[in-house]
Amino acid sequence: MDCAIYDGGSLVKFQIPVSVPLEADDASSFRQSAPELKALITVAYHISNPATAAETSIILPHIIQQERELLFKTPLLEDDTLIIDFINNVERALVVSRDTFKERRDRRKAFMGFMAVTFDKHILEHDEGYMAFYIEIAAPGGVETNGNPVGASKENCHAIVAIHIPESFPRKPPVIFMIHPFMYRSAPADSQASARCC
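Each residue of the sequence shown is one higher than the last, beginning at 23 in this note's numbering.
Among the hints, a few may not be true.
Ranges between beta-carbon positions, derived for each pair [as the list claims (entries may be wrong)]:
#1 Gly151 x Pro39: 19 to 29 Å
#2 Glu58 x Ser190: 39 to 49 Å
#3 Val34 x Arg120: 28 to 38 Å
#4 Lys124 x His148: 54 to 64 Å
#5 Ile85 x Asn110: 17 to 27 Å
#6 Ile69 x Gly151: 48 to 58 Å
#7 Ala184 x Ile85: 18 to 28 Å
#8 Pro39 x Gly135: 23 to 33 Å
#9 Phe199 x Lys131: 13 to 23 Å
#10 Asn110 x Ile69: 35 to 45 Å
#11 Asn110 x Thr140: 24 to 34 Å
#12 Leu98 x Ile201: 48 to 58 Å
I should point out that these hints are in silico values taken from the structure, not numbers from a laboratory.
Here a beta-carbon is modelled for each residue, glycine too, at the ideal position from N, C-alpha and C.
Whole structure, please, built from the sequences with the hints as guidance.
What follows is the structure in structure tokens.
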């Protein structure tokens with residue numbers, strides 16, 4: 023559909039495809055091999071007075087709609103704007119939204135890749151937006167392994183770290199949860215079996 027609004031009158035034409043499913047017997051009656059009967063409705067409106075306003079409504083995918091103010095700038099439809107130009111502007115705005123999501127996805131992927139390399143031997147599970155890994159940290163007064171807080175020691179704290187990367191990363195930071203017991207394993211020479219950790 024394409025139309026423009028001009029002083030002195032305009033013609034606005036809509037073409038609407040309609041289809042009706044056919045049973046096998048009906049298809050033979052209509053001499054059609056296709057499983058449906060198709061028609062094309064054309065409606066033309068003759069506008070004799072100049073139009074002063076137009077209303078638009080755009081239904082967006084949910085993932086864009088939930089952040090519409092940040093991700094999608096609705097194009098303007100002026101009195102002299104061609105409908106086809108408006109549609110092209112909407113498509114361009116959707117391309118910008120798509121590219122923004124692609125950039126976010128790439129940054130999430132890079133972040134999770136870095137975390138996967140850093141905690142390679144400790145990963146319990148991960149995907150493009152979530153990671154969980156197990157760590158052992160030297161308890162107060164304990165000895166770290168090679169100066170690395172992630173490693174085995176005779177006195178250590180155990181923890182599971184869960185990281186969730188939101189869809190809007192990096193605009194919104196990762197959400198990090200640490201789950202750990204309050205007790206740590208003591209050295210064999212220690213007379214006290216356990217003590218509070220951190």
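Taking the hints in turn, this is what the structure says about them:
Our hint of 19 to 29 Å for Gly151 and Pro39 is violated, since their Cβ atoms are close to 40 Å apart. Remark: the range hint 39 to 49 Å for Glu58 to Ser190 is upheld by a beta-carbon distance near 43 Å. The hinted range of 28 to 38 Å is satisfied by Val34 and Arg120, whose Cβ atoms lie roughly 31 Å apart. For Lys124 and His148, the Cβ-Cβ distance of about 21 Å falls outside the hinted range of 54 to 64 Å, so the restraint is violated.
Under the hint 17 to 27 Å, the C-beta atoms of Ile85 and Asn110, about 22 Å apart, fit the expected range. In this structure, Ile69 and Gly151 meet the distance hint of 48 to 58 Å, their C-beta atoms being roughly 51 Å apart. Range check, Ala184 to Ile85: Cβ separation about 23 Å, and the 18 to 28 Å hint holds. Here the CB-CB span from Pro39 to Gly135 is close to 47 Å, at odds with the stated 23 to 33 Å.
For Phe199 paired with Lys131, a C-beta distance near 21 Å keeps the hint of 13 to 23 Å intact. Judged by the Cβ atoms, the range 35 to 45 Å given for Asn110 and Ile69 is violated: they are separated by roughly 23 Å. In this structure the supplied range 24 to 34 Å is violated for Asn110 paired with Thr140, their Cβ-Cβ distance being about 45 Å. In this structure the supplied range 48 to 58 Å holds for Leu98 paired with Ile201, their Cβ-Cβ distance being about 51 Å.
When each numbered hint is compared with the structure, violations occur for hints 1, 4, 8, 10 and 11.
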